[in-house]
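J.: Each chain, written out:
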Amino acid sequence: MSTNFLKYLSLAPVQAVLFSSAAISAFIVINWLNPNLLALAQ
Amino acid sequence: MRRLFALIVALMLWVSVVPNASAAEVSATLVPCRDSAAFQQRAKNVVPGSSAADRFQKYVDEGLLCGVDDGLPHLVVDGHLDHAGEFIIPGLLFLYLAGWLGWAGRNYLNIVHKSDTPEYKEIQIDVPLAIQCFLGALLWPLQFVKEIISGEIQVADDKIPVSPR
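Line order of the protein sequences matches chains L and Z. Residue numbering for the first sequence follows our numbering, starting at 1 and increasing by one per position. Residue numbering for the second sequence follows our numbering, starting at 43 and increasing by one per position.
No lab work stands behind these hints, which were simulated from the structure alone. Every residue gets a Cβ at the ideal spot worked out from N, C-alpha and C, and that includes glycine. Some clues are possibly wrong.
[Unchecked claim] Over the 10 Å line for every Cβ pair with chain L, so calculated as not near, a few chain Z residues:
no.: 1; residue: P74
no.: 2; residue: D96
no.: 3; residue: G121
[To be verified] With a Cα cut of at most 30 Å, we get these calculated DSSO-like pairs of lysine-lysine:
no.: 4; chain 1: Z; residue 1: K156; chain 2: Z; residue 2: K100
no.: 5; chain 1: L; residue 1: K7; chain 2: Z; residue 2: K163
no.: 6; chain 1: Z; residue 1: K188; chain 2: Z; residue 2: K163
no.: 7; chain 1: Z; residue 1: K156; chain 2: Z; residue 2: K201
no.: 8; chain 1: L; residue 1: K7; chain 2: Z; residue 2: K156
no.: 9; chain 1: Z; residue 1: K100; chain 2: Z; residue 2: K86
Using the sequences plus the hints, can you model the full thing?
T.: Structure follows, in structure tokens:
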């Protein structure tokens, strides 16, 4: 059961959705907690 | 020889396309934000202590240039190193990240193509292997230089399939 679910999670389109969601969630959280982190890296 | 010509053309294009930045031209339209009356006016309108106020203060501290007329910060993208944080560093960071993704994907495909079921592993990602590829690709600029020098980055002409002529 769990291996089948892992196989499903390994499908390329599913991975694409998962990683895009994780990336945009990280962006949203950083932008919410400390928006200045995303600007003026100098 | 062909490579040499390509390099020469690239250099000539680069030299002719990149405009010469003129300091006088910049100062006619852009001033440091702390000296810009329009910018000061805008800064007065934000709520003190808010994150917007912090950002306005940061524009001043970082020495951003503001438009004389609009009072808004403008990014200097002509390669001046004292404005590196506005475009050069983020630009290089973007190239690094894009190259990292591409290099990791290329590594993964190269490894998977040697396995028994290459097509299968393109549809169903071998996640542990993919993570390994991503970690291994962190130093991709070095690996890229190495493969360019050793010629490994190219496939031999006789391995490229061509349609019958």
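J.: Run every hint past the structure and note whether it holds.
T.: Comparing the hints with the structure gives:
no., hint, in the structure
1, P74, "15 Å, holds"
2, D96, "6 Å, violated"
3, G121, "15 Å, holds"
4, Z:K156 with Z:K100, "52 Å, violated"
5, L:K7 with Z:K163, "11 Å, holds"
6, Z:K188 with Z:K163, "27 Å, holds"
7, Z:K156 with Z:K201, "15 Å, holds"
8, L:K7 with Z:K156, "21 Å, holds"
9, Z:K100 with Z:K86, "14 Å, holds"
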